[in-house]
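Number of protein chains: 4
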Amino acid sequence: MIPRYTRPEMADIWSPQSKYRIWFEIEAHATDKLAELGVVPADAAQAVWKAKDMSFDVDRIDEIEREVKHDVIAFLTHLAELVGDDARFVHQGLTSSDVLDTCLAVQLKRASDLLLAGMDRVLAALKKRAFEHKMTACIGRSHGIHAEPTTMGLKFARFYAEFDRNRARLVQAREEIATCAISGAIGTYANVNPAVEAHVADAMDLNVEPISTQVIPRDRHAAFFATLGLIASAIENVAVEVRHLQRSEVREAQEFFSKGQKGSSAMPHKRNPILTENLTGLARLVRSAVVPAMENVALWHERDISHSSVERGIGPDATAHLDFALHRTASMIEGLIVHEDRCRENLETYGGIHNSQRVLLALTQAGASREDSYRLVQRNGMKTWDEGGKLVEHLKADEGVTVLLSDDQIEACFDETYHFKHVDTIFDRVFGAS
Amino acid sequence: MIPRYTRPEMADIWSPQSKYRIWFEIEAHATDKLAELGVVPADAAQAVWKAKDMSFDVDRIDEIEREVKHDVIAFLTHLAELVGDDARFVHQGLTSSDVLDTCLAVQLKRASDLLLAGMDRVLAALKKRAFEHKMTACIGRSHGIHAEPTTMGLKFARFYAEFDRNRARLVQAREEIATCAISGAIGTYANVNPAVEAHVADAMDLNVEPISTQVIPRDRHAAFFATLGLIASAIENVAVEVRHLQRSEVREAQEFFSKGQKGSSAMPHKRNPILTENLTGLARLVRSAVVPAMENVALWHERDISHSSVERGIGPDATAHLDFALHRTASMIEGLIVHEDRCRENLETYGGIHNSQRVLLALTQAGASREDSYRLVQRNGMKTWDEGGKLVEHLKADEGVTVLLSDDQIEACFDETYHFKHVDTIFDRVFGAS
Amino acid sequence: MIPRYTRPEMADIWSPQSKYRIWFEIEAHATDKLAELGVVPADAAQAVWKAKDMSFDVDRIDEIEREVKHDVIAFLTHLAELVGDDARFVHQGLTSSDVLDTCLAVQLKRASDLLLAGMDRVLAALKKRAFEHKMTACIGRSHGIHAEPTTMGLKFARFYAEFDRNRARLVQAREEIATCAISGAIGTYANVNPAVEAHVADAMDLNVEPISTQVIPRDRHAAFFATLGLIASAIENVAVEVRHLQRSEVREAQEFFSKGQKGSSAMPHKRNPILTENLTGLARLVRSAVVPAMENVALWHERDISHSSVERGIGPDATAHLDFALHRTASMIEGLIVHEDRCRENLETYGGIHNSQRVLLALTQAGASREDSYRLVQRNGMKTWDEGGKLVEHLKADEGVTVLLSDDQIEACFDETYHFKHVDTIFDRVFGAS
Amino acid sequence: MIPRYTRPEMADIWSPQSKYRIWFEIEAHATDKLAELGVVPADAAQAVWKAKDMSFDVDRIDEIEREVKHDVIAFLTHLAELVGDDARFVHQGLTSSDVLDTCLAVQLKRASDLLLAGMDRVLAALKKRAFEHKMTACIGRSHGIHAEPTTMGLKFARFYAEFDRNRARLVQAREEIATCAISGAIGTYANVNPAVEAHVADAMDLNVEPISTQVIPRDRHAAFFATLGLIASAIENVAVEVRHLQRSEVREAQEFFSKGQKGSSAMPHKRNPILTENLTGLARLVRSAVVPAMENVALWHERDISHSSVERGIGPDATAHLDFALHRTASMIEGLIVHEDRCRENLETYGGIHNSQRVLLALTQAGASREDSYRLVQRNGMKTWDEGGKLVEHLKADEGVTVLLSDDQIEACFDETYHFKHVDTIFDRVFGAS
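Residue numbers (our numbering), protein chains in the order written: chain Z, 7 to 440; chain P, 7 to 440; chain A, 7 to 440; chain X, 7 to 440.
Keep in mind that the hints were calculated from the coordinates and are not lab data.
Treat the hints loosely; a few may be bogus.
The list treats identical chains as interchangeable, and a pair is accepted whether it falls inside one copy or across any two copies.
With a Cα cut of at most 20 Å, we get these calculated EDC-like pairs of lysine to aspartate or glutamate [stated by the list, open to error]:
#	residue 1	residue 2
1	Lys-134	Asp-68
2	Lys-75	Asp-378
3	Lys-75	Glu-377
4	Lys-134	Glu-377
5	Lys-389	Asp-347
6	Lys-133	Asp-91
7	Lys-134	Asp-208
8	Lys-389	Glu-255
9	Lys-134	Asp-92
10	Lys-25	Glu-87
11	Lys-58	Asp-38
12	Lys-75	Glu-417
13	Lys-75	Glu-31
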């Protein structure tokens, strides 16, 4: 977790203190059930809960771990220091991974909740800006080249739709990752009754893992990180759009620039899209977790521990950086300055050639062949492009066109409202009918 | 598509002939609706369907494309050669991507159907083998080291569960990828009524894309290829397991070896797990589509065409190689020879030390501290490991143990059925209660 | 290999016919040495060369392979059909991988030669355009925002330098990949004298692999494909620059647009940067080979065959697509239209605020503190940005400035040649002193 | 940087304190040259060095950065707090990236030095173990199946050769990454004489970057991280080998297991290859830096800042985790226990069928056709495989064989020294002639 790209809420989920707290809960709940099943004394189970309001000494656990070279044993040893001899009934029949993997499930689920909140903030911002600029006309571009008019609202709306799809994917991934496995050394429940697993799952609000080995199967984690990669790519998508809109020659939008902020040590006039450039980089970083997570799936036999070091990295990193990026995305969208005047100016730069398509259709409908229509439009379009002026005027001066279309008919091709007649329909699809 | 890793059914989906056939259907259905809306003559729309039973001349289209450098225009020109002048009404108000992207959706959906069939075959094979070997005892291994007994059936069952989860993911990805966009040059429906899109979507059995630009948003495709990456990783998972089981020192399983087959030019006795090694490689290959598909999401403004060359590669390649790999996986599982005698032999190699955990519990329950129990088991386990013999005998000769446990109690720790008492429960969870 | 992104020269390297020809040469040279060593009869070795001018029947070999399920045995069987009984002396003591891996080395080396030729063409084009536009002034941009002036020549020059570094990397990778291993089943030369390897290496112009297992170590291949990934990224770099320069609002450069070419089926006026967008996608595709090639390194023990299916994909694909992309890059650069007038126009858009840095320095040198200078420049820069006009005039009207700098001093800050005084130095560094 | 996988030496390189120290040195050296050139007062340049032995207050700089939102300005402000008003002459004509990128070059170069030291330790360990086990016979395996004998020394030797190649690659990458750019806002040296760059480069022991934009070109970094990916893959390679050798059924080698260490909380007898499994995971983690580093190459125009957040992650992470992994690899190799008795045992498991190849050759040389020889060997090999016994005895009992070979000739095929006659040659190639 890069500190500057980590919010404290997410850092907290991955802190040693949080981890040991979750381990404790898993162990204590498991011991409750073991007591109920008569495997361990009821008194002992109750005694373990004494640690509920105690604080675990991370340094002490680290110290023990350095000696025994085993994290769960180190924790259990420290637990015994806290609650006394009854601790020996804890972890009965469990294997370390029962605790570790169930804990990771809890952490990833909690991380998902934070991420969903971040996505909701992004969605709310996008929706607000979409309706605000629903009819703010601007030029649409394919290949970076002016095409036909669209609206700024439609831009926000399509990012909304993408984030909304990703939200559904994350809800699904969260559901899939939230499983509890207390199945013993090799997943056979030889030494621990499945009822213990069911009890812990219930207490920790997780699903039961139907079949585990020593570990929870890693396709769940791979699917989870792949979903984070998709969300990161959505952030990159909106970031790249804003970076384009802010470039000096376009200037249709601009990241909010606070008073105290200095854009560049050398060029004080510059207002750089540094938030969205930063988000573009963060997207690459989050996405880098996807392949290693997939490489983690094929563990040897009933488990090897190669996934562990990977997850110590990508678990905190990908969730923290994505969480940060979502909030940066949200605040960027919330504060984004849309220059409507520049939108209009750019829209009109090229003399209305973005209406070529309509002229083409009008000519075809007036009886010209596709090829002839194309040639007529192309020669006037290129004239406008090369020499300037307005396409509508060039067309009205072209006899090849005027034998087919009247001036009124030509001018009708340049009516802007024509382009926006279905914006409501699209908004209804994306945001629901009003 | 590497020919040797491509089945004809999948190759067919990606053939030029299939592509033009789909283009034709999209265009013809769109023209139907345009006629109904009065945009083009009804006669013309009907005339276009003349091409329904004609064959498209791929070479001729290529020839035209070389001249006009535009694939859809080349196709439309050829269509005019087939159905005559009425073809000029085709494609009215559409943009090339309306056709290309909707076609890709159809191809990926059809590819999904083949992949689902492949997965079903894998699932059926895994289920069959799981029940066949439900109680075939073998040693479970963590870290490649003998741990506790499990069954071959549980191995098959866990792969079944993973493939079943992936199947659900693919069903979801198929649903998400199957959208139709006929929204014009920039996604505003300026020149084409949304009703056309609705009609084509219905005719082609697709969903309507709620909001598109010039193209269908690429997060759908990224999610699709990420899902293929997960399935590929599941294949790698089962492949690595089989490769381990087949290695000379293990020999618990073996890929079917046909009579005519030669294992090696130099060493005729070798029976190599070449199918599963091949599958391991194919998994890497399929997975390599995931990152580029995610890089495709952030197109510039209302589209750039950078995604296209990527998809010309990964579209056919990832689906074809995964399809092939699924069928190879299925037939490998179907034919897999399980050496039950070797399973038994390996299980007993180390004198029963896999029951250490049970002895540990028995000692704890007999009143020993966790640390003392651990030490007692460890010293006898290490003796067995180092000197051979049976753990049960070593324990019975260790006074530290015998003061706590009787011979009967010690022997009870070595009862194998103990390990398998919950196999039914697990099978019920995975395959449903019988 | 996607046919439309594959040049015939590269396709030829990967054809079955080429592969069998290389296999033949390896086997024939090996047999020569074996004969010299007295292991096989000299007559037989000579007889094998009869196949030198014969054509190998690919279909026939495929037919045999379907039966024996082993490609090298299939080839050897066919060779016996061509040259008769003497063929039985061929492949004596060799293992299949000796032939396969040495063949792959030859193919990758030949592919490197084509790639180097492609890079040379790119380098020549970049150099030519760099000198042509050495002093074509244009605005330099950081964060997409106007910064200070630079020249189009410097843009070409920096891509030249990057391609030149990559060329050196490819020369190195080619050297590293070009090794010959004829070391037998497990790399011990048990059944084949190392002299055979040395002879074949010499005859095929390869280096001897110092230590192999059954296969040539895969770090060589991973390094090779990583290098291709770097070259692909360089192509993306130049492609992204051109796409930016061609966008409607910038228009400083434009891909060559031939007469017959149609930009869009719908908008005839459009001149889209489709070559560079295509190159951007191809870069993603080529780069996708890097990770699987690295995953191939850790083969099991003295080899497993998982690398093989990966290489059947990435071997031809990455080399062919990169080769195509290099030539497309070269011809794009060769034909690129640079609009000098637009470069000038854009340079002057913002009233000379790109000289802010110089004013800042002048103020500091005139005795103002860094903070004061910054504030003075910032307020005039922002005025120019917001209200238009020329920065030079705003400064001359600002008393805070004029107490420190005379009008002449202010105007001297706006002398353009100031920015280009070191262009020669840079060109000398990149292209060598003239 | 995951603390448990980071050595303090590497953490130190990436500490804020180290970063500011390097920034200071760059600025101070640059100011020296600026003074020499008469751009700033000589006194001021000298005054700046007052900070040489002062400590930078990281918290204070952070505090300033929160206000000005610019890291270099924050540092310069703090520098002024330390050395007084003369600090205003610092950074004259420089741009932030001049400092940031040159600093990163210094850090990556220092990181390379640590990595090279780590590699040297690995190489020394491999070499020592290679010579120690030069003639320790063991079975070689292809596809995980017993093939022919090899030696443990050859295993170590081939890893040595791979690490040695990677060492050369890292030396090259270190050389390439170690460049200094002080070229101003857009790389034209408009406001800073190239002599400043040359002076700083010399003082910091870097090369001059021949052509930069605002930043040092990112192909250098991409090449660097790709090299780390290759080294990580080499670590995975040796780790996977050891994991295989340690598995219960093989047991030819074993990671050193210290007295205090507990292998598993549940199964005290287990000695798990956890170091090498951990290394396998770390390799995945390091490798995940490769693709984002390549995605960083195509920055927009003369730079965008998207690379920065990526490098804040992968810079420290990939170098620290690789550094840790190298030392873990080295100590693992140094301590690795080789069970020579188990090597022998495994070698003889299958009745000598690994000599099949030799028998095949002997038969061919005795006049049998390749097909006949193959059949004869195959039937006896399969007999040995299926029924046990020794291949040599089965052959001597097979009349098809004995008509061609005498008992002596058959037995000669089973002489083990035959396999190792070229081990010296290989060692000479790898380690140099003794």
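Consistency of the hints with the structure:
no.: 1; hint: Lys-134 / Asp-68; verdict: neither (49 Å within a copy, 34 Å between copies)
no.: 2; hint: Lys-75 / Asp-378; verdict: between (81 Å within a copy, 18 Å between copies)
no.: 3; hint: Lys-75 / Glu-377; verdict: between (78 Å within a copy, 15 Å between copies)
no.: 4; hint: Lys-134 / Glu-377; verdict: neither (44 Å within a copy, 39 Å between copies)
no.: 5; hint: Lys-389 / Asp-347; verdict: between (26 Å within a copy, 18 Å between copies)
no.: 6; hint: Lys-133 / Asp-91; verdict: neither (58 Å within a copy, 46 Å between copies)
no.: 7; hint: Lys-134 / Asp-208; verdict: neither (39 Å within a copy, 32 Å between copies)
no.: 8; hint: Lys-389 / Glu-255; verdict: between (23 Å within a copy, 18 Å between copies)
no.: 9; hint: Lys-134 / Asp-92; verdict: neither (57 Å within a copy, 46 Å between copies)
no.: 10; hint: Lys-25 / Glu-87; verdict: within (18 Å within a copy, 42 Å between copies)
no.: 11; hint: Lys-58 / Asp-38; verdict: within (14 Å within a copy, 62 Å between copies)
no.: 12; hint: Lys-75 / Glu-417; verdict: neither (81 Å within a copy, 32 Å between copies)
no.: 13; hint: Lys-75 / Glu-31; verdict: neither (23 Å within a copy, 42 Å between copies)
Consistency note: the structure conflicts with the earlier hints numbered 1, 4, 6, 7, 9, 12 and 13.
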